[in-house]
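Participant: Given only the sequences and the hints, what does the whole structure look like? Please build it.
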Amino acid sequence: MRTAFFATVILAGAAQADTPVLTVLAPDYFGSSWGPGPAIKDGFEARCGCTLDFRTGEVLPRLMLEGARVGADAVIGLNTDMTLRARETGLFAPHGQDLGALTVPVEWEDEVFLPFNWGYAAWVYDKTRVENPPTSFAELLERDDLSLLWQDPRSSGSGLALLLWVDQLYGDEAGGVWQALQANTVTVTASWSEAYGLFSEGEADMVLSYTTSPAYHIVAEEDDSKAAAIFEEGHYFMAEVAGVLEGAAEPELARDFMAYILSEDFQSMIAYGNWSYPSALPRAEWPEVMRDLPFPETAIFLDEEAADARRMPALDLWLEGMTQ
Amino acid sequence: MSAATARLCTLWAGGVVALWLITLNFGALGAVAWRAEGFSALRGADWAAVRFTLVQALWSAVLSVLLAVPLARALARRQFTGRGVLITLMGAPFILPTLVAVLGLLAVFGRGGLVNQGLGVVGAGPVSIYGLHGVVLAHVFYNLPLATRILLQGWASIPAERFRLAASLGFSPWQMFRQLEWPMLRELVPGALLVIFLICLTSFAVALTLGGGPRATTVELAIYQAFRFDFDMGRAAMLAVIQFALCAGAALLAWRVSLPAGLAGGMDRPVQRYDLGRGWLDAALILLAAMFLLTPLGMIVARGVAQVPGLPVEVWQAAGRSLVVALGATGLTLVMTLALAQAVLALGGARGAALEALGLASLAASSLVIGTGLFLLLLPVTNPRDWALVVTMLVNAGMALPFALRLILPGLREVVATQGRLAEALGIHGWARLRIVTLPRLRRPLGFAAGLTAALSMGDLGVIMLFAEREGATLPMQLYRLMLAYRQDDAAGAAVLLLAASLALFWAFDRWGRGRAGA
Numbered sequence: 369m370r371t372a373f374f375a376t377v378i379l380a381g382a383a384q385a386d387t388p389v390l391t392v393l394a395p396d397y398f399g400s401s402w403g404p405g406p407a408i409k410d411g412f413e414a415r416c417g418c419t420l421d422f423r424t425g426e427v428l429p430r431l432m433l434e435g436a437r438v439g440a441d442a443v444i445g446l447n448t449d450m451t452l453r454a455r456e457t458g459l460f461a462p463h464g465q466d467l468g469a470l471t472v473p474v475e476w477e478d479e480v481f482l483p484f485n486w487g488y489a490a491w492v493y494d495k496t497r498v499e500n501p502p503t504s505f506a507e508l509l510e511r512d513d514l515s516l517l518w519q520d521p522r523s524s525g526s527g528l529a530l531l532l533w534v535d536q537l538y539g540d541e542a543g544g545v546w547q548a549l550q551a552n553t554v555t556v557t558a559s560w561s562e563a564y565g566l567f568s569e570g571e572a573d574m575v576l577s578y579t580t581s582p583a584y585h586i587v588a589e590e591d592d593s594k595a596a597a598i599f600e601e602g603h604y605f606m607a608e609v610a611g612v613l614e615g616a617a618e619p620e621l622a623r624d625f626m627a628y629i630l631s632e633d634f635q636s637m638i639a640y641g642n643w644s645y646p647s648a649l650p651r652a653e654w655p656e657v658m659r660d661l662p663f664p665e666t667a668i669f670l671d672e673e674a675a676d677a678r679r680m681p682a683l684d685l686w687l688e689g690m691t692q
Numbered sequence: 111m112s113a114a115t116a117r118l119c120t121l122w123a124g125g126v127v128a129l130w131l132i133t134l135n136f137g138a139l140g141a142v143a144w145r146a147e148g149f150s151a152l153r154g155a156d157w158a159a160v161r162f163t164l165v166q167a168l169w170s171a172v173l174s175v176l177l178a179v180p181l182a183r184a185l186a187r188r189q190f191t192g193r194g195v196l197i198t199l200m201g202a203p204f205i206l207p208t209l210v211a212v213l214g215l216l217a218v219f220g221r222g223g224l225v226n227q228g229l230g231v232v233g234a235g236p237v238s239i240y241g242l243h244g245v246v247l248a249h250v251f252y253n254l255p256l257a258t259r260i261l262l263q264g265w266a267s268i269p270a271e272r273f274r275l276a277a278s279l280g281f282s283p284w285q286m287f288r289q290l291e292w293p294m295l296r297e298l299v300p301g302a303l304l305v306i307f308l309i310c311l312t313s314f315a316v317a318l319t320l321g322g323g324p325r326a327t328t329v330e331l332a333i334y335q336a337f338r339f340d341f342d343m344g345r346a347a348m349l350a351v352i353q354f355a356l357c358a359g360a361a362l363l364a365w366r367v368s369l370p371a372g373l374a375g376g377m378d379r380p381v382q383r384y385d386l387g388r389g390w391l392d393a394a395l396i397l398l399a400a401m402f403l404l405t406p407l408g409m410i411v412a413r414g415v416a417q418v419p420g421l422p423v424e425v426w427q428a429a430g431r432s433l434v435v436a437l438g439a440t441g442l443t444l445v446m447t448l449a450l451a452q453a454v455l456a457l458g459g460a461r462g463a464a465l466e467a468l469g470l471a472s473l474a475a476s477s478l479v480i481g482t483g484l485f486l487l488l489l490p491v492t493n494p495r496d497w498a499l500v501v502t503m504l505v506n507a508g509m510a511l512p513f514a515l516r517l518i519l520p521g522l523r524e525v526v527a528t529q530g531r532l533a534e535a536l537g538i539h540g541w542a543r544l545r546i547v548t549l550p551r552l553r554r555p556l557g558f559a560a561g562l563t564a565a566l567s568m569g570d571l572g573v574i575m576l577f578a579e580r581e582g583a584t585l586p587m588q589l590y591r592l593m594l595a596y597r598q599d600d601a602a603g604a605a606v607l608l609l610a611a612s613l614a615l616f617w618a619f620d621r622w623g624r625g626r627a628g629a
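Going line by line, the protein sequences match chains A and B.
369 is the number of the first residue of the first sequence in this note's numbering; add one for each residue after it.
111 is the number of the first residue of the second sequence in this note's numbering; add one for each residue after it.
Read the hints as simulated data drawn from the structure, not as lab findings.
There may be inaccurate statements among the hints.
Claimed, not checked - Okay, the calculated bits of chain B under chain A, using three or more residues with CB under 8 Å as the criterion: (1) 294-305; (2) 450-457; (3) 586-598; (4) 611-620.
As the list claims (entries may be wrong) - Here are some, though not all, of the chain B residues that point toward chain A, as calculated from beta-carbon distances under 8 Å: (5) A155; (6) L216; (7) E424.
As the list claims (entries may be wrong) - Which chain B residues stay away from chain A? Per the calculated CB distances, all over 10 Å, these: (8) R145; (9) A158; (10) A234; (11) Y240; (12) L262; (13) L275; (14) W541.
From a predicted model like this one, the values you see are computed outputs, not experimental measurements.
All C-beta atoms in this analysis are idealised placements derived from N, C-alpha and C, irrespective of residue type, glycine included.
Facilitator: This is the structure:
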């Protein structure tokens, strides 16, 4: 009896050993059944003959705390505002993919980090409350009839995007811009969830979110009352990236996973799986709802070095303007 | 077991708990500072955060306790149907996860909330909840129930015999207050002020969300930002030290003004009051407090209750996991608190006071620093992620211990003072003494402490985020996941589930504690 039991365990173990496992470090949202995780897992496993195991949690802190001991082959879900620090850990290897297939609106020549989705920061409003949304950042600053909700740049990625957005548009004049925004601001929250939650409960007319946010409400809730205000100055570009870890136990599989990220199969899931734009799919091939959303003409983006250089001076202006 | 052996056991058990608390509060901080290779300098905005933190915490603590005194007195004096349920429900805000509580408050006081709708009807302009007053309002909403319960315990601890004696001596209501209630308040109020001050000192998302902007940054938020924005662990550690220093200063102050009440024993009869004046004032007080505390809860339930049956299955699984964590943390907290409290009394004097202070230290600790520090401490030994739920349980127990200690220590002190000599004379020591003499008399604070721990642990999001793996999500984590995925309706449903589970746990333990006394 006991022998039989052990034999079963050993056989099961052997069967498992035959199937290689690709371990991918991912943000917490990959762990839920309603996130993009399950579809990506099924899609990749169908072609790799392996098991894809998402290890979810706070990606950057783990990389920085654990270093080489992090025990994963690849990473997915780092934001563009984190890539510099992630790169500086020295834990990453080249992704080995041809970047010609990318359709992101900025030049992307990074050999280490591969964008898998992207979006624009934008002020999202409720059409039933705001009849004539501002069409430029300048107009937003002049209007005094709109109440705003947004995120602290020191604790939120979208908040940081707004900081750099204003920095790029107004430079040293940003202090006055923040003062003007402050006058119409309901509150600044620590993270996106809180601000968007308050907006959903009707606490303000506009919330700092993404141009893609209305797609969720249209597709999942059949509610077309939410829209993003498109500004003629352009919008700040944000992407989420993936990368291969230097110490990967399965480097081949990890690179296959990078190739899979650029595949049509993966890219066509992104729009509704992650409520953002696919990174390697022409706009004409996006799902209809996403394609029909108002789309900014101009992308504003600072590469990680430039963003890092502007971060602190811009933050000082922000603090000055906001606490006056 | 001889008296000497019993004493030795007590000290050993207390020592083990003390060691864990030191690891949790100082070891973790040390690990972060060590990893950062020292502390780094603070920025100007950090000092603004320190200032704001102190101001809001002071206002919040003073107002919460000031309002709690008449409320607790009214509740202690009156008997009415549904009183027990009302007391339990009124405790709910304290155990709510921040985000849920804030949404509930906004449904009442927000731009489109009930208050502003009412003001709109009578033609008055809208009132904004955002600003320092909003932060204080939220903290009073949170902590008024705690302050009330602490003081209610105080009223319940005055033996019924004294009120009878006072009445037979013809005391006026004022004399009754001066002779019986004032000494109790004098003992408990400084502690209640301190606990609430410390809770508000480490406030995080409430302060920013309702504070209106960066002017309302607290130290705990600055710690989070040091991690998130700069990944500057040195600055995070430095800020954590400052937070500790602020808390230690406050604790010292409270300890200096707190006086032991010099209690004598009674027979545990139900209290009958002889100084009941007109009832309408008490009734109005209770009604107002109930409206303030319960309307936001009602709004949360109304918003999400319809979604509960349709919640994804993993939300239910997470609820089960949270339940296990909560129960585990509760068991640990009670054992640790009893061990520590016994050791505090066995040691006595300055050493006892030092041990007691250590028991309160986790109130001052930053859960972010604790989480990161424990992660760093475990890293050389094992894979921290394999221990996510165990670590969460242990940390939650450590975080709840200050409350439990505050509740259990006065009771234990009284048991020792009133029954100690008799037990000594009868030669009852150690385990037998605990079982026969001590525990039955501590049932009420034990039940309350257990309920509090279980509920707090249920809603905790502190350390789990760094440790948890995909399969290990707790209910608060799922709530955030739903919000991140735009699923506001499901999130509202999960909030109702969380509220219900926390309340049910709290109610069950508290009910057990109040037993047949029913008060």
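Participant: Hint by hint, note whether the structure agrees.
Facilitator: Against the structure, the hints:
1. 294-305: Not satisfied, violated; 0 residues make the cut.
2. 450-457: violated (count 0)
3. 586-598: holds (count 11)
4. 611-620: violated (count 0)
5. A155: holds, 6 Å
6. L216: holds, 6 Å
7. E424: Because about 6 Å separates E424 of chain B from the closest Cβ in chain A, which is inside the 8 Å limit, the hint holds.
8. R145: violated, 8 Å
9. A158: At roughly 7 Å from the nearest Cβ of chain A, A158 of chain B sits no farther out than 10 Å, so the non-interface label is violated.
10. A234: The claim stands: A234 of chain B keeps its Cβ more than 10 Å from every Cβ of chain A (closest is about 18 Å).
11. Y240: Label violated. Min Cβ-Cβ 5 Å, cutoff 10 Å.
12. L262: holds, 33 Å
13. L275: Answer for L275 of chain B: holds, closest chain A Cβ roughly 55 Å.
14. W541: holds, 40 Å
The earlier numbered hints that this structure contradicts are 1, 2, 4, 8, 9, 11.
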